[in-house]
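Chains as they are written, first to last, in the numbering used here: chain V, 1 to 222; chain B, 1001 to 1305.
Please note: incorrect hints may appear among the correct ones.
[Stated by the list, open to error] Computed list of lysine-lysine pairs in DSS-like fashion (alpha-carbon distance at most 25 Å, straight line):
{"id": "1", "chain 1": "B", "residue 1": "Lys1283", "chain 2": "V", "residue 2": "Lys135"}
{"id": "2", "chain 1": "V", "residue 1": "Lys135", "chain 2": "V", "residue 2": "Lys147"}
{"id": "3", "chain 1": "B", "residue 1": "Lys1194", "chain 2": "B", "residue 2": "Lys1283"}
{"id": "4", "chain 1": "B", "residue 1": "Lys1145", "chain 2": "V", "residue 2": "Lys135"}
{"id": "5", "chain 1": "V", "residue 1": "Lys7", "chain 2": "V", "residue 2": "Lys180"}
{"id": "6", "chain 1": "B", "residue 1": "Lys1272", "chain 2": "V", "residue 2": "Lys135"}
{"id": "7", "chain 1": "V", "residue 1": "Lys22", "chain 2": "V", "residue 2": "Lys137"}
{"id": "8", "chain 1": "V", "residue 1": "Lys7", "chain 2": "V", "residue 2": "Lys135"}
{"id": "9", "chain 1": "B", "residue 1": "Lys1108", "chain 2": "V", "residue 2": "Lys137"}
{"id": "10", "chain 1": "B", "residue 1": "Lys1162", "chain 2": "B", "residue 2": "Lys1108"}
{"id": "11", "chain 1": "V", "residue 1": "Lys180", "chain 2": "V", "residue 2": "Lys147"}
{"id": "12", "chain 1": "V", "residue 1": "Lys180", "chain 2": "V", "residue 2": "Lys162"}
{"id": "13", "chain 1": "V", "residue 1": "Lys137", "chain 2": "B", "residue 2": "Lys1099"}
{"id": "14", "chain 1": "B", "residue 1": "Lys1145", "chain 2": "B", "residue 2": "Lys1194"}
{"id": "15", "chain 1": "B", "residue 1": "Lys1112", "chain 2": "V", "residue 2": "Lys135"}
{"id": "16", "chain 1": "B", "residue 1": "Lys1162", "chain 2": "B", "residue 2": "Lys1248"}
{"id": "17", "chain 1": "V", "residue 1": "Lys184", "chain 2": "V", "residue 2": "Lys13"}
{"id": "18", "chain 1": "V", "residue 1": "Lys122", "chain 2": "V", "residue 2": "Lys137"}
{"id": "19", "chain 1": "V", "residue 1": "Lys22", "chain 2": "V", "residue 2": "Lys135"}
{"id": "20", "chain 1": "V", "residue 1": "Lys184", "chain 2": "V", "residue 2": "Lys169"}
{"id": "21", "chain 1": "V", "residue 1": "Lys7", "chain 2": "V", "residue 2": "Lys162"}
{"id": "22", "chain 1": "V", "residue 1": "Lys96", "chain 2": "V", "residue 2": "Lys122"}
{"id": "23", "chain 1": "V", "residue 1": "Lys55", "chain 2": "V", "residue 2": "Lys122"}
{"id": "24", "chain 1": "B", "residue 1": "Lys1112", "chain 2": "V", "residue 2": "Lys137"}
{"id": "25", "chain 1": "B", "residue 1": "Lys1272", "chain 2": "B", "residue 2": "Lys1246"}
{"id": "26", "chain 1": "V", "residue 1": "Lys137", "chain 2": "B", "residue 2": "Lys1283"}
{"id": "27", "chain 1": "B", "residue 1": "Lys1099", "chain 2": "V", "residue 2": "Lys22"}
To be clear, the hints were calculated from the coordinates, so they are not data collected in a lab.
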Amino acid sequence: MLFGRRKLTSLAKPLSLADLRKRVKIVVIDDDENAFPTQTLQDEGYTIEYWPEVKSLDRLERGDFDIIVLDIAGVAGRFAPGNGPNDSLDILDHLKRYNPAQIIIAFSGQTFDLSKQPFFSKADDVLPKPVTALKCKQVLDQLIEAKFTVEHMWNSVVAVMKREKASQKAIDKLEQNIAKAVSKGDKPDYGALVSASVEKADLAARIAGVVTKIATLCGLGI
Amino acid sequence: MIPTNFGALLVNGVLVPFRNAVMSAKARKNNRSQKVSWESLQTYVESLTLAGAILQKEVDQRAMEAVSGLHDIKTAVNLVARNAEAIVRNLPGLDDYEKIERADPPLKSLLKSVNLLNSRLNMASIVTNPEAAKHGQPRRTPVYKIFHRMVRLFEEEGQRHKVTLRMAGSSHAAPWLFDSFETIPLVLVDNGIKYSERDRDVVVRIEDIAGSSDACVVSVESWGGVVPEEHRSSLFERGFRAPQAKSKASSGSGLGLYIAKIVAEANSCGIKYSVQEVDQSGKTGINVFTVNIRSLDVSKLKKRF
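Please model the complete structure; the sequences and the hints are all you need to start from.
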């Protein structure tokens, strides 16, 4: 049986905002537990984890969290290059280099400081402290609705692959393999599927997480 | 302005043309002997400019130190906000809006105060870092709702000043604007109350611009001492307070309209002051602040969804 070329975007299942709030994983990294209205938003259906400092750079690099809410200082822990005042900026820079599609919200009361401007301008959005639950919801919902679409995520995978000089053939092959698995309702090991389609192992590792999320947005509920 | 067609200039500020038919030859010779060379004048002006820059840097540094001292206040306000939210969570109702609507007046008042504090603290950042006016992503901003919310937040303050706040007109416009935009209604409504005469209305009037779903005009009108003509061009300058403002309210930093101007420019909006209907003395009338609001062109912004 011939399997025609299918676009991933045509396989997307529309998900309600309530559904997306549940599926999108958020981590709040701030040394002040009261800074962010975590409990209120969890009650509203958001999936939020709280870290007083960066616990695992691996998990952040892997894309375990769709959205990172990052405080400006005092949270880089042992990962701060020099434990300096710009440690969060260094974390942000590192994560963005590793995965440009990673969404990071700058969360800080230091919006008055011109010298901290790079932190705010490099982040995907800004939540200035003090913050209300209503403002947090507004910012998160806007990001979720705009960025958690199959089209946006697939575009970010393509961007990373092209930057790593992957061929169009490799990109098309990956798309078809994913589309095939999704169409059949398969829930394979997407990491293995990506590795089979992409030659470079580190590239495969970087995009496997995003591919899994694409499958989720296609309704596979992984 | 220094005319360039003259070869000499008296430092005392009196410009004496070479060929002044009224002056005697001796007087003209005497003036010429006091001339300052163009180079000396330029050095003088450059020194003044440098001194100004050093002073401005010192002022900015002190301002930043003052604003950074707000950090502990921000932490405390955060705590109050979290506790207020915890109280609201336990109220009956389907969502936050319904819960707050049903809340007791003191709790409603507390929530309003927290919101107002939040807005004012965020506003302070713009003084030392004007770039803060462009922080974050632009959002669809229902302009009527934003101004109405500010009117409600200031209701009690209005009552204390014996001033009635009301909305007039309507608008469905929801242009793309930065979060900083809410500073504009904060400043204009606050000023409207502060400088209005007692037993008067402060009216927030809003109308959509015909032919556009994302543009509107808002005016905040209040009856009180008008800004003299000669001071109007300085109204949006940092630290400026018009004479009638100083006599009406002894406290005031002269920063509100300065910040509003920065925010308006960041959001590509126009803001201006005008006067309507002065009384016979010409000193009292309707002060009108008008804001022309259009959507930011999000396709041209560097960072966008």
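Can you list which hints this structure breaks, lowest number first?
1, 6, 8 and 26
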